[in-house]
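With chain A fixed as given, assemble chains B and C onto it according to the hints.
If you read the protein sequences in the order shown, they are chains A, B and C. Quick note on numbering: this note's numbering labels position 149 of the first sequence as 149, and the sequence is numbered without any gaps. Quick note on numbering: this note's numbering labels position 16 of the second sequence as 16, and the sequence is numbered without any gaps. Quick note on numbering: this note's numbering labels position 26 of the third sequence as 26, and the sequence is numbered without any gaps.
What the hints contain is simulated information worked out from the structure, not anything from laboratory work. Some hints could be false.
What the hints assert, rightly or not - With a cut-off of at most 30 Å between alpha-carbon atoms, the simulated DSBU-like pairs for lysine-lysine come out as follows:
1. Lys113/C / Lys151/A
2. Lys113/C / Lys3/A
3. Lys106/C / Lys3/A
4. Lys106/C / Lys118/C
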Amino acid sequence: MIKRFTVLLLLSGLAAIFVSLALGYVPDASLNQSALYYAENTVSDTGAANIVTAIIVTYRGLDTLGEVTVLFLTAAIVGLVLTRGAKAGKGKPMMASGELLTTGAGLLVPLILLMGTYVFVNGHLTPGGGFQGGAILASGIMLVLLTDPMKEFSHRLISVIESVSGLTFITIGGLGILMGAGFLDNSLLPKGTLGELFSAGTIPLVYSLIGLKVGAEFSSMLVSLSETEGS
Amino acid sequence: MSNLLLGMSIVLVIAMFVTALVAISQRRLSIAILAAGLVSLIASVMFLLLAAPDVAMTEAAIGSGLTTFLFFFVLGRVRGESDD
Amino acid sequence: MISFIAIGAGFGLILIGLYGALTNRNMLRMIVAFTVANTGVNLVLVAVGHMFGRTAPILDSTVPVAEAASRIIDPVPQALVLTAIVIGLGVTALMLAYVYRLHQTKHTLDIAKHTELKW
Chain A
1 MIKRFTVLLL LSGLAAIFVS LALGYVPDAS LNQSALYYAE NTVSDTGAAN
51 IVTAIIVTYR GLDTLGEVTV LFLTAAIVGL VLTRGAKAGK GKPMMASGEL
101 LTTGAGLLVP LILLMGTYVF VNGHLTPGGG FQGGAILASG IMLVLLTDPM
151 KEFSHRLISV IESVSGLTFI TIGGLGILMG AGFLDNSLLP KGTLGELFSA
201 GTIPLVYSLI GLKVGAEFSS MLVSLSETEG S
Chain B
1 MSNLLLGMSI VLVIAMFVTA LVAISQRRLS IAILAAGLVS LIASVMFLLL
51 AAPDVAMTEA AIGSGLTTFL FFFVLGRVRG ESDD
Chain C
1 MISFIAIGAG FGLILIGLYG ALTNRNMLRM IVAFTVANTG VNLVLVAVGH
51 MFGRTAPILD STVPVAEAAS RIIDPVPQAL VLTAIVIGLG VTALMLAYVY
101 RLHQTKHTLD IAKHTELKW
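With the rest of the complex left out, here is chain A:
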């Protein structure tokens, strides 16, 4: 009783702060200075049509490097924590999945993987990009895991894909120091015309590598969780 009353008191104090913030909020009438710079100079600097992609990959590429590092750490820790438990074989063999699920998954999984690849290859032209495409790829792998729980996923293949993509991403960034204007610079490949698939410098390449790496990390997290023993 006392605990619930204390919680309600704390939350009402927080609600008072939120209400004062919300009442004092005035929406902007025109773009502020940094947004104005991004709106006017993105096409001439990088050649990408999607401004959010250009910010994530080029202007603030260092934050994306930090995020990729955090995801890598998370996938490694989940794999470490979950395989220390009792992993005494696979237990009794389960029933085979129904025919509807198996046939449907066999038709849908290549389409899902293709859609994920499309989303991250076209990240600089339409809404999309590496993180969305990687999540869609992991959903496809998840469907395979659901239909066939006894399937052996090789951790080595997933970790090889993840490490090679991460290493290539860092190498392209390092090449930017040697041949361009700084780390993760965009001008290693030609800018091209606005709206083409092969334009915007290294943005499609870098975002595809990020998409593969993120998809491999999410898949390794799901596979680690599905290989644990039932309690």
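The following block gives chains B and C in isolation, referenced to the frame of chain A:
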């Protein structure tokens, strides 16, 4: 036309609040997990109304897809515990 | 107008999620409440960047380059929220892995029974 969008957003916000209350107070855990996935889905539609298509796609794929998968995996492994 | 509605909704979701995380004793319910609060925070961040009467920051045939500065909204909060959503999923996966291992030691999901760190 913008009155229609405004009305739609108010209806969506009310639905989001009701679903969030279901997610934190329902007795059965599987219904609470599905309600959290539904909150993410409604938030993804709100992101689209706020003119942010990249964020809407990310929230729909990650918040409402992968998070629900992860929860149900762990729930299946610790099955047998009663709630609260 | 819609940004005020979205900011109010985001703040409400944060409060609901915090209440659920503080009053539940089952560990999985606490993680579900944290997920709801996470969604609320992202909603507030994107709602701050919205401006009335403008469209998404993608340049194509309907928003040509010459008039981009007067027709698109602020792209920086969207880039921040993209990162935040992905890292929120990573943190949730980590919390779930720890809950699973804690359950394996004492076979209970009640957080009041795990008392090794209390004095």
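Run the structure past the numbered hints and jot down the numbers of the failing ones, going up.
-> Violated hint: only 1; rest satisfied.
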